[in-house]
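Those protein sequences? They're chains A, B and C, same order as listed.
Under this note's numbering, the first residue of the first sequence is numbered 1, with each subsequent residue one higher.
Under this note's numbering, the first residue of the second sequence is numbered 1001, with each subsequent residue one higher.
Under this note's numbering, the first residue of the third sequence is numbered 2001, with each subsequent residue one higher.
Hints should not be assumed to be uniformly reliable.
Sample of chain B residues with no beta-carbon within 10 Å of chain A, all distances over it, derived [said to hold, decoys possible]: (1) V1029; (2) M1041; (3) Q1075; (4) Y1095; (5) P1108; (6) G1112; (7) W1171; (8) Y1175; (9) E1188; (10) I1316; (11) R1331.
Derived DEER-like restraints, expressed as beta-carbon distance ranges [said to hold, decoys possible]: (12) F285/A x E1297/B: 50 to 60 Å; (13) S503/A x V2180/C: 40 to 50 Å; (14) F2192/C x F285/A: 17 to 27 Å.
To be clear, the hints were calculated from the coordinates, so they are not data collected in a lab.
Where a beta carbon is used, it is the ideal one built from N, C-alpha and C, also for glycine.
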Amino acid sequence: MTDKLLSIRNVNVSFKTATGLRHAVHDVSFDVGNGETLAVVGESGSGKSVTARVIMGMLAPNARVGEGTQVIFDGEDIATFSEPQLQDIRGRRISMIFQEPLTSLNPIYRVGDQVAEIIKVHRKLGKDELKSEVIRLLKEVQLPDPEARYLQYPHELSGGQRQRVMIAMALANNPELLIADEPTTALDVTVQAEILSLLRQLQKAHNMAVILITHDLSVVRAVSDHVVVMRRGEVVETGETQEVFHHPQHPYTKHLIASEPKGEPKPIQKDAPPVLTAENTRVAFKLKTGGFFSRKSVDLVAVNDVSATIRRGETLGVVGESGSGKTTFGMSIIGLGQKQNGPVTFQGDRIERLSRKELQPYRTRIQVVFQDPFSSLNPRMIIRQILEEGLIVNGIGASSRERLDLIKQALDDVQMPHDALDRFPHEFSGGQRQRLAIARAIVLKPEFILLDEPTSALDLSIQAQIIELLRELRDKHDLSYMFISHDLKVVRALCHRVIVMKSGSVVEEGNTAEVLEKPKTDYTRRLVRAAFDVVA
Amino acid sequence: MALLLYFVKRILVAIPLLIGISIVSFGLVVAVPGDFVDSWMAQTMAQTGMSAAELKPQAEELRQKLGLDKSLVHQYVLWLKGIVFSGDFGQSFVYSKPVTEVIGLRLPRTLGLAIVTLILGQGIGVLLGIYAATHQYKLGDNLATLVAFLGIVIPKFVMSLIILYLMAYVWNSSYIGSLYSPEFILQEHFSFAKLWDFFLHVWPILFISVWAGQAYTTRMMRGNLLDVMNAQYIETARAKGLSRRKTLFRHAVPNALHPVIMNMGGRFDYMIKGEIEIAIVLGIPTLGPLILSSVTERDMYVLSAIFLLVSVLLVIGNLIADFALAVLDPRVRRAEFTKE
Amino acid sequence: MNALTQLDMNAENANHVSLSYWQLVRRRFMANRYGMAGLIGCLIVLSCTIFGGFFAPYGAQTKDRNAIYSPPQLISIISPDGELTRPYVRGFEEKMDPVTFEFTFEPSDNKIVPLGLFVKGEPYEILGLTFETHLFGSLNGVPVHLLGTDGLGRDVFSRMMYGTRITILMAVMVMAAACVIGTMIGVSSGYFGGTYDLVVQRGVEFVKSFPDLPLYLALVAILPRRADAMAVFVMFAGILVLLRWADLARELRGKVVAIKSVEFVRAAVAVGASDGRIIRRHIIPNMSSHILVWATYTLPEIILLESFLSFLGVGVQLPMVSWGSMLNQARDIQALTAAPWLLAPVGMIVISVLAFNALGDGLRDAMDPYSND
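Only chain A is shown next, with the shape it has when bound in the complex:
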């Protein structure tokens, strides 16, 4: 027995699946002290979320907890507790918040009622008392206008606001332990920083212990006292956060820490000619508003008067929060999004007014890589068909043999084995799929590639590899990129210049190093702080 608030010992969990037993967590042990923050780090599938659910006693029905598993909470082994005993602890002494604020609130109940519910389960309060308690909580998590929020439905709140509601719920009964399962992953960077600092304040105010489950090392470094590194269901390293970061012991930890994107792009030639120029881009969506009788059509301006130039071999970063119009801007100038009328010059040709047919000759020269590697490859085609499509429709390669050679070259470029050709996308991991998506672009020998957040859906260590690959390809083929991202760390490693967008307009632009070191606007400063300091 320890005097810690929570000690888990020899946690083993396996799942019964159609293909047999699958071990998810293997002999995991760690401790959390009163008021302390423990970060559990690992990539997806490392068993960190399953471990959290063991503590809560909320595993899926097909899970089997191994013998000898102990979860000692405040001196009692709650792994042996009955369901009613656990119900009494859940929400009162141990609370939990989840990754997806979008789906973690029940869509059909008012926010206030959902917060009130957790209080009602554990405490007897009068109706008015209950309401004032809920409003106090909503105030405490710094939701603006809590009385109005009380009556709203979840879909009327933003992601950050919903996560605040979840936190209010978790705090409602002054728990001793809060388990936060990737609480900020689904949020915008700046919102992420706000939520983390809120959590930190509340933790101090309530003297709560926090188990923070995350895959993001910068979050770990910023908020945790101790860290547990997990990989494939096992703990590979534990220790004080500073210690682990400075002297990682296990190769996996070393690899994780080393995989943060580093370095800077090689400078380009001084006289490199411009490849793509966009001037005064303005994209507006027609939006019908008003009731049935007062219908009006309003222009929603998504991109307002944005200009950009990309020179040969150069990478331009376009950064901003979601909703800042960065993707809309990128897609519309290469003719894949909403039509717009600002002049766009590609290698001397004006392309902004061209129809889809007239754009055909430019398709091979301008390519794009999308954000989500899971949906960017057609699940019904083999890799060879996916890579070949662009060659076929553009009449490249006289025979299928010639085309196959080109495809193999592209696979070499993205460092994928040739036996990938006859496989289907679902057989590859996220990072591999993103390599294949890049190969689909590269095989056409483009001059310019639009990269739309190509790394944001990937695990951290994979991210770094993809950035490295993109750098190599750029140098090898003399490519120009427009790199759309919200992650300034990645931008620093890859981009020569950067433009910062906010609500459709450019608020700042310049050389990457300059903008990141001496941001001129508050907005950019916030983005920079969110990326490099995490807690504002």
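Position chains B and C against the provided structure of chain A, taking the given hints into account.
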């Protein structure tokens, strides 16, 4: 307010639909070669032995009176006017009575039976679905699934035939082909004895319709509930310390009901169809047998009136289902507004 | 590439046999016993459609005047003396009940009808070729009626086999036509959007607002009376198609709208693929599983509807035979009591509906093979 606007909008959208339905109904009347006057002539000739030439002047007069000499559009307007302003659906030539009299009480009977079976079927389906989903792969689940499956697979008219056979020759039941036993037909006032007698006559309709009707609902509810139980907010509810039971009934079931309610309109159609199908076989005097006889005898005014009335009922049923959904789920109202 | 991740990758891909989507579907489907039973049932029903003439010992209209309402006969392989013998049935002796004056049929040991396989009999056609060999038949010329006969002395079993043809043909025709129309309209309106899409959506809503049974009956009423059976059959099928395409069109439209903005379709636009190619290579293949499931669920629905309408006598017309039109004879409660075996086609209806539904369930579960892997 949003709710009210939503209602008004849904009702306005239904109007072109109703006009379309009325055009099709009218089309049924004019699509059959020979109009009402032709059948009138044939009938009179057969009864009185007069020749066509003798009847011609009278026929022309009748035509003018009924507006049958006008253009189709004009006729349609006259026809629609008659229905909307004076409930006049025309004349049944088989019964030589106004259509409204022929249809008379049959429509409310069909409607009433359909609503009762709808409510029972949906209620039983929802409960069985909840039971099956919470006992997945256990005996109860398999039994519920089997019952549901049989309800889908066995044709209703076959079940009716079997019950008819049993009633007529095995149980020697006298409750066949009517709504009341003779002693109750003339009894005007309500009594429980009369209600029980009514039930003894219509139970096969209730039994078959409810069995078949709950089948889809059970399957749908089971599937939905299993999906919803995987939702994040269910885990949230459990993390609050709610018991499994409370989590199920407060958080999972209301969300799983969503598609069931959305489908109510379609189920209503199914129940009306089922009532008609069973009543035809059993000869119970609701709309069913009347539809069949008007088809075989080409009593087009009756047929088109039934068709029009049932279609309108369905449109109304769908509207009610939409409204119920909007009341239950706040997202529905909003989505309707931002979409267009 | 980093050594550690290279290691992970190899571990992931090692001894992994590459399977296509449809191979995965097949593997999962084969593991589902219930779905496989459905598939076998469907194959049996479909084989009756093609080889009905071979399975049936007699023609659909052949009348046996000596056997009116003759009851079903049981095949036996134990002779009256208790010895094992070749399969036979016992013929009937007609007796008159002296009290009620009703005729009854008594199986008689004196009238043994030996059965044989591949017996020559009435000529029939399969796919335009004429054959005379039947699967089984009587060897001594005395007719055998396994499922009894109807009021005209026609063999119920043979008629049921021939009825399969019309019923399944109708179901497949209607399903195929509705499928093609629904897919074309649904995919095009979802893909191209705009005013066309709006019009289609309203149209679908319009079609779906009709109560289907009353509409079918009303349309049947306006079919010309004196048209021949074939023309009525085709028009009848047309009426059934009329309302069937709308559901599929609406479902597909929704799916296409969703898939249109998925990144692999946008990537295809980015490499310069034409609309036609995108629809053919990217959209339709991703819809195909949905269409297939829809088709297996739609077939039994049409079978049920056709059976009911023919049962009422307003569907398939004489001299065509379908399961439903055979049941029409059983509408007369006297006939049903005298000869309950007239209900035999119900068995076929239930089996086929059951089989197609089971197949549909199995397919639907197998169609999502990435979910549990």
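Hint-by-hint comparison with the structure:
1. V1029: Since the minimum Cβ distance to chain A is about 35 Å, V1029/B lies beyond 10 Å and the statement holds.
2. M1041: At about 51 Å from chain A, M1041/B clears the 10 Å cut-off, so the statement holds.
3. Q1075: Since the minimum Cβ distance to chain A is about 34 Å, Q1075/B lies beyond 10 Å and the statement holds.
4. Y1095: holds (45 Å)
5. P1108: holds (34 Å)
6. G1112: Since the minimum Cβ distance to chain A is about 32 Å, G1112/B lies beyond 10 Å and the statement holds.
7. W1171: Since the minimum Cβ distance to chain A is about 47 Å, W1171/B lies beyond 10 Å and the statement holds.
8. Y1175: holds (45 Å)
9. E1188: holds (47 Å)
10. I1316: The claim holds: I1316/B sits with its nearest Cβ about 20 Å from chain A, beyond 10 Å.
11. R1331: Not fine: 5 Å to the nearest Cβ puts R1331/B too close to chain A.
12. F285/A x E1297/B: 50 to 60 Å: Given range 50 to 60 Å: holds, Cβ gap about 59 Å.
13. S503/A x V2180/C: 40 to 50 Å: holds (48 Å)
14. F2192/C x F285/A: 17 to 27 Å: holds (19 Å)
Hint compliance for this structure: hint 11 alone is broken.
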